[in-house]
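Top to bottom, those sequences are chains F and P.
Residue 303 in UniProt numbering sits at position 303 of the first sequence, with consecutive numbering throughout.
Residue 186 in UniProt numbering sits at position 186 of the second sequence, with consecutive numbering throughout.
Think of the hints as simulated: they come from the structure by calculation, not from any bench.
Heads up, a few of these hints could be off.
Identical chains share a label here; the pair holds if one copy fits it or two copies do between them.
Said to hold, decoys possible - No more than 30 Å apart at the CA atoms, straight line, and that leaves these computed lysine-lysine pairs for DSS-like:
1. 208 with 112
2. 418 with 208
3. 158 with 208
4. 418 with 112
5. 418 with 158
2 protein chains.
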Amino acid sequence: MNVADYMQTLGQQARTASRAMARASTNDKNRALIAIAEEISEQRDALRAANAEDMARGQENGLDAALLDRLELTDGRIDTMIEGLHQVAALPDPVGEITDMKYRPSGIQIGKMRVPLGVIGIIYESRPNVTIEAASLCLKSGNAAILRGGSEAIASNKALAACISRGLESAGLPAACVQVVETTDREAVGQMITMPEYVDVIVPRGGKGLIERISRDARVTVIKHLDGICHVYIDREADRSKAINIAINSKTHRYGTCNTMETLLVHADIAESILPELAEAYEQLGVELRGCEQSRAIVSDMVVATEEDWHAEYLAPILAVKVVSDVDEAIEHINAYGSHHTDSIISENYTLARRFLTEVDSSSVMVNASTRFADGFEYGLGAEIGISTDKIHARGPVGLDGLTSQKYVVLGNGEIRK
Amino acid sequence: MNVADYMQTLGQQARTASRAMARASTNDKNRALIAIAEEISEQRDALRAANAEDMARGQENGLDAALLDRLELTDGRIDTMIEGLHQVAALPDPVGEITDMKYRPSGIQIGKMRVPLGVIGIIYESRPNVTIEAASLCLKSGNAAILRGGSEAIASNKALAACISRGLESAGLPAACVQVVETTDREAVGQMITMPEYVDVIVPRGGKGLIERISRDARVTVIKHLDGICHVYIDREADRSKAINIAINSKTHRYGTCNTMETLLVHADIAESILPELAEAYEQLGVELRGCEQSRAIVSDMVVATEEDWHAEYLAPILAVKVVSDVDEAIEHINAYGSHHTDSIISENYTLARRFLTEVDSSSVMVNASTRFADGFEYGLGAEIGISTDKIHARGPVGLDGLTSQKYVVLGNGEIRK
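Construct the complete structure from the given sequences, taking the supplied hints into account.
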């Protein structure tokens, strides 16, 4: 197979399908989502069999346990996919929404209409459920999608693609509006990210290495989701119980997520009174603390933090701890070492809270709330295709709106320019 | 001079200045804009002298009359720059605007705050007044700017840069927040568009060739403004006088602008009754008509239109004319041959108008209005840095909002994730 030709063909088909998708009614799109859910439910055995192939090959190839876990399509995960499709069907359709219609002195009335972006390319790793998540969000937002999952999951993804095609067709939508790349050749990714004539935006989902590689080589806009080095800053005027609850929750609610706190900053004036209690709570939960000199003067059994720790996204029960002299040092540290993802201040001081919100350059800035809230569902977007750490086009959790653009609509009554 | 090192230095300085700019108060930014206007007014003679240098060199180098005209800083143009600075100062500051604050079931309140993008790189051609336009919009939107004008205008641009620096300093803002590239080496552009660590977005202003070249090589998002192949479609149910007024105004109000109509589409049922009158009006205004076979059967002295004419952005008193059988053919033609810029339907039919608005894939779609309205001032944006024909980040006229992003702000009261 000539991979370049193959990808060009997928691209052309996607571009054509995207035109039909842009016109598709909310009803048809929702019917397709429900039909795909039904297909998946009916094809459960076939999906399990295809996934078993992937799992067997993965074991043969010596994939590690974590990767095999992500690869597996359990009954529970199949149920979650089905539920997810129903949830996306229930979301309001962003396409066609007209906002801000205003009259101008010339007499014309001007506003904005939300429209799909066109063709979205999604590049992801081994989790086959991403195939359904990505397909459903692209479909609902009126886009065509080209999905490129990890080669470990190729059999599962092909089986899911068959369900998607049948679901689309049963709703009268073109099957090509969701296409799964059926070659495991790495060249396919290289092609996909360099054909701006057929692909409007790339959403990579995976590790930092994958995303950096794609961003470097892409000739299409990439909605980047790099690392999540999130901070909680406990200010001198923090409410003690809010501070402890939030510091514990932000670190320990889940360790492997991008909105988990990785560095705790504590104001010097409150450090002595609050750090011992926090350290004890973390110890009971099995969290290793790595502290700066001042922190270690208060809690002596912390590991010594090095420069590397301030840059670390542990995704593990490890927490870096630093005592700072004021909010300025906290903000400076966050902007210098953080990843512009999510950062929270714990303070009862109005002026400091306002400064933190304004000056911290992150996609989510919070006052007196756990960093774990940075999430499309918690923010009310209904679903998310990723969390953008970029400022262009979309920032923070990216929901259906992030997969759309807005065009200007002008309603006139024969007005001409003077 | 090592151009790579020079551009890296500009980039670093811009990045540092952008942090101060993001925090700058509305008042300081406005004071800087007014101070720059005052500097320009005081330095009028020095500016004219510097411009005379550029003009003399241009004449020596045999620049054509149109280019020399764009290069010249007349007293009128200097006045316009001064007025423009005052107008931008009078615009509302987009930075810090918080919208959509909503409570979520968890108790947190979530909304969005508008923030600057960071560092904007502007690449433009010979018009020195763009230096002031671009600087003022970047400044007001809290960004740092790196400005790269055409080499023909280097003396004028350096003189303007001196005014900008003094104005910024007198308002207590870092001079590096607006930097003019002071080398005419072409390598500077290559560097500027490939340093994502220092430049967040590139806005090229100039011909299609320049923009295509930059888009191809850039590793930073480019806000593209390609060509303007705009259409007016006169439907069977058009109001006759609106149709004639708008068709004439869209073509003849100004010939050289991107929102000028380049192709007129006319429904077959109305063509015979309306084309002769239109053709006569165009003839009186000196517009050459190039028609399809059906148009020429009605108005015999049209030039024969070829495939090329449907793709043409004439920017001149030439108009392509095509008779279409219905709105479907009109929409299809526009989506296939247009440049997704601005297109207008003239019709009293509600359903067709609604279909046209929905299905035409352009940055501005209009009903019963002249395409000439597609403009930041007419839309009420106050000013524009360009018109994006892209769908990513910004589409249509790009004002101050297009130079900003939004971050999520979360106000809590100690909430943690369950």
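Results of checking the hints against the structure:
In this assembly of identical chains, the alpha carbons of residue 208 and residue 112 lie at most 30 Å apart only when taken from different copies (26 Å versus 35 Å within one copy). Taking the shortest alpha-carbon separations for residue 418 and residue 208, only the inter-copy value of 28 Å comes in at or below 30 Å, while the best intra-copy value is 54 Å. Taking CA atoms no more than 30 Å apart as the test, residue 158 paired with residue 208 passes inside one copy only; the shortest distance there is 26 Å, against 42 Å between copies. Proximity of residue 418 to residue 112 under the C-alpha cut-off of 30 Å is restricted to the intra-copy arrangement: shortest distance 24 Å within a copy versus 38 Å between copies.
For a Cα distance limit of 30 Å, the shortest separation of residue 418 from residue 158 qualifies neither inside one copy, at 59 Å, nor across copies, at 36 Å.
Taken one by one, the earlier hints fail for this structure only at number 5.
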